[in-house]
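Letter by letter, the chains look like this.
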Amino acid sequence: MPELLSPALILLVAAVAIGPARGQLRTALVLLAPLLTLWAVWQVPDGVQGTVGFLSYQIEPVEGSPLRRLFATVFALMAFVGGLYAFRLARWYELAAAYAYAAGAIGVSFAGDLISLFLYWELMALFSTVVVWCGGTPAARAAGIRYAIMHLLGGVVLKVGIEGVVIGTGSIQIRPMLAQDFNSWMILCGILVNAAAPPLSAWLADAYPESSPTGSVFLSAFTTKTAVLALILLFPGEPVLVGVGLFMVMYGIIYALLENDIRRILAYSIVNQVGFMVCAVGIGTELALNGATAHAFAHILYKALLFMSAGVVIYRTGKTRCTELGGLYQTMPLTTLCCIIGALSISSFPLTSGFTTKSMISQAAANEGLVWVYMLLTAASAGVFLHAGIKFPWFVFFQRDSGLRPKDAPWNMALAMLIFAALCLLIGVFPQYLYALLPYPVDYLAYTPGKVVFYLQLLLFSGLAFFLLLPLMKRTETISLDVDWVWRRAIPALVGWLVLCAGPARNGASRLILACRALFAKFAIRYLGQPHTADSDERGVFARSWPIGTTALWIAILLSAYVLAYYI
Amino acid sequence: MNDDQTQQFLSRPRVIRRLWWVFSLVLALTVMAQGVFYVKGYFTVDSWFGFGALYGFLCCLLMVLFARVLGRLLKRPRDYYREPDDNA
Numbered sequence: 000m001p002e003l004l005s006p007a008l009i010l011l012v013a014a015v016a017i018g019p020a021r022g023q024l025r026t027a028l029v030l031l032a033p034l035l036t037l038w039a040v041w042q043v044p045d046g047v048q049g050t051v052g053f054l055s056y057q058i059e060p061v062e063g064s065p066l067r068r069l070f071a072t073v074f075a076l077m078a079f080v081g082g083l084y085a086f087r088l089a090r091w092y093e094l095a096a097a098y099a100y101a102a103g104a105i106g107v108s109f110a111g112d113l114i115s116l117f118l119y120w121e122l123m124a125l126f127s128t129v130v131v132w133c134g135g136t137p138a139a140r141a142a143g144i145r146y147a148i149m150h151l152l153g154g155v156v157l158k159v160g161i162e163g164v165v166i167g168t169g170s171i172q173i174r175p176m177l178a179q180d181f182n183s184w185m186i187l188c189g190i191l192v193n194a195a196a197p198p199l200s201a202w203l204a205d206a207y208p209e210s211s212p213t214g215s216v217f218l219s220a221f222t223t224k225t226a227v228l229a230l231i232l233l234f235p236g237e238p239v240l241v242g243v244g245l246f247m248v249m250y251g252i253i254y255a256l257l258e259n260d261i262r263r264i265l266a267y268s269i270v271n272q273v274g275f276m277v278c279a280v281g282i283g284t285e286l287a288l289n290g291a292t293a294h295a296f297a298h299i300l301y302k303a304l305l306f307m308s309a310g311v312v313i314y315r316t317g318k319t320r321c322t323e324l325g326g327l328y329q330t331m332p333l334t335t336l337c338c339i340i341g342a343l344s345i346s347s348f349p350l351t352s353g354f355t356t357k358s359m360i361s362q363a364a365a366n367e368g369l370v371w372v373y374m375l376l377t378a379a380s381a382g383v384f385l386h387a388g389i390k391f392p393w394f395v396f397f398q399r400d401s402g403l404r405p406k407d408a409p410w411n412m413a414l415a416m417l418i419f420a421a422l423c424l425l426i427g428v429f430p431q432y433l434y435a436l437l438p439y440p441v442d443y444l445a446y447t448p449g450k451v452v453f454y455l456q457l458l459l460f461s462g463l464a465f466f467l468l469l470p471l472m473k474r475t476e477t478i479s480l481d482v483d484w485v486w487r488r489a490i491p492a493l494v495g496w497l498v499l500c501a502g503p504a505r506n507g508a509s510r511l512i513l514a515c516r517a518l519f520a521k522f523a524i525r526y527l528g529q530p531h532t533a534d535s536d537e538r539g540v541f542a543r544s545w546p547i548g549t550t551a552l553w554i555a556i557l558l559s560a561y562v563l564a565y566y567i
Numbered sequence: 000m001n002d003d004q005t006q007q008f009l010s011r012p013r014v015i016r017r018l019w020w021v022f023s024l025v026l027a028l029t030v031m032a033q034g035v036f037y038v039k040g041y042f043t044v045d046s047w048f049g050f051g052a053l054y055g056f057l058c059c060l061l062m063v064l065f066a067r068v069l070g071r072l073l074k075r076p077r078d079y080y081r082e083p084d085d086n087a
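Residue numbers (numbering that gives the first Met the number 0), protein chains in the order written: chain A, 0 to 567; chain B, 0 to 87.
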């Protein structure tokens, strides 16, 4: 029986217990539950761990495989370091929601069938919304509602697809498919909503930056990466994903270049990085899927690291925009250093984790002879260095002296950042440890002199472009419109306009209704009305008393008409 | 106290000038390194001398210019979506 219990349940129990627990007990719970989960993740053997009958289906709550274990590992690790980062600052309900959210992600990792996958998927949607709401501002509340609507709609689309596939194939197994019919398209669309794919990518940059400084660290990790896992499990080699991924990569760069809010820059670069993974799943070879998996693992670490450094800055200064920040490196050396390590990792600089994982994806594109994909991914690597690798640390920590002299990170936040910074460097210098955990055998050499020279040229000249083009990248106090403009502005405006136009029409309609009513009343009085006495002639035609003979005559006429009609 | 000491270390013009020299030297070295280390190209053009440098620079230039044009269309004031009765 214990083999049927998902490791996710440990975090779920912890999430419930965080509220009632107090003081040291709560701290112990926050720090130990993810470690216990990590241990449990590695106790799950390969294959389906038994089934439970539910209605007429065989549910498989836990299925192990190297791929699933690797994702669950990084999710548990994220919960631990995120908990360490947040436990002194975050409110208990934010921690509880974040742990339930992480439990959902780990549950999805081990879900052996579509029904369990869907349940954990919705668990994530619910509790990530709570994490957004913990931002505590009116803007966070509104963004949380938009976020919830988007994810619940995505969930409905996913559920429609799952139902269709279950009815069509009679099986709830998770197995690779291609988007060929309505049902598989629905599943693909449902997953892509969570991956922040176009045209619905706006929720990510809308909601994540509105959460608390600690909440955004958790949010950056789980939703999009479980979507990548689901794509690897369900749609490896789906050609549509190559195009979708490339679009996401470019979208992330361009929007991040336009952005002023420091966490929104990072949010757009999540879309950009997930684009690399989605594209890799679309390529679908063993090297590409290994690349997507490894990159998801590395991405969670460095993206959380970047969000942590942004969180420290916001916590210490209360400011969130590039135009208000700058010159913090002198008083926040540790945060600056950790941010730079994260920024170099996301840019796939040699000796950092991004180099050893992202280059696998480019290599997979090259091996398949996909010239354009390879060229665009390489261009995107340069663009990542531009928008996240330099722009983010430059505008926050260097740029100009903003006059702010905040203290560096508190010890727990510093420790959390150092752990992830160390892991970024570890994976960059010794990639073989991560490669050994990947789903397929790895026959790939990350460091060849030629590749290092090529990437150094690419990245350093992007750096040159950044500093030469700085005047063109002057920060402005603006936001950028996205597809969500349609439902945040266009539709409300259209509805308002319709209501306005409806004013005269409504007046006309109500006059017509009144006239009809008067007419009806007149007829009713004429035929049914009964003024004065019981059998006066003034009564309406149908309200009068008639002699019995008249009635008999009418019945005879009607019956003969009926008989006549019957024979005709 | 002269200007040099009141400013942050990296804001001093002398430091910035030196950093540019160092940076230019590093850039030149990475291109020249291609003479020593063979860069394997997958599609002929990417094995050209200095292709990485040129491609990186041009791509960034294009992206920045494209973002600027798009920014004209898409940028709105920060409170664009804010309701009049919102205090945030």
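Worth flagging that the hints you see were computed from the coordinates, not collected in a lab. Only a predicted model underlies this, so the values are computations on that prediction, with no experimental measurement involved. Accuracy of the hints is not assured; some may be wrong.
[Claimed, not checked] Computed list of lysine to aspartate or glutamate pairs in EDC-like fashion (alpha-carbon distance at most 20 Å, straight line):
#	chain 1	residue 1	chain 2	residue 2
1	A	K158	A	E121
2	A	K406	A	D483
3	B	K74	A	E476
4	B	K39	A	D442
5	A	K318	B	D78
6	A	K318	A	D260
7	B	K74	A	D260
8	A	K473	A	D400
9	A	K318	A	D407
10	B	K39	A	E323
11	A	K450	B	D45
12	B	K74	A	D483
13	A	K473	A	D260
14	A	K158	A	D180
15	B	K74	A	E367
16	A	K450	A	E323
17	A	K318	A	E476
18	A	K318	A	D400
19	A	K473	A	E323
[Unchecked claim] If you want the footprint, here are the derived chain A segments under chain B, 3+ residues with CB under 8 Å:
#	segment
20	118-125
21	448-461
[Stated by the list, open to error] For the chain A half of the interface with chain B, some residues (derived, Cβ under 8 Å), not all of them:
#	residue
22	D400
23	P470
24	M472
25	I478
26	V482
Glycine included, C-beta positions come from ideal geometry on N, C-alpha and C.
Please flag the earlier hints that this structure goes against, numbers listed from lowest up. 2, 10, 15, 16, 20, 23 and 26
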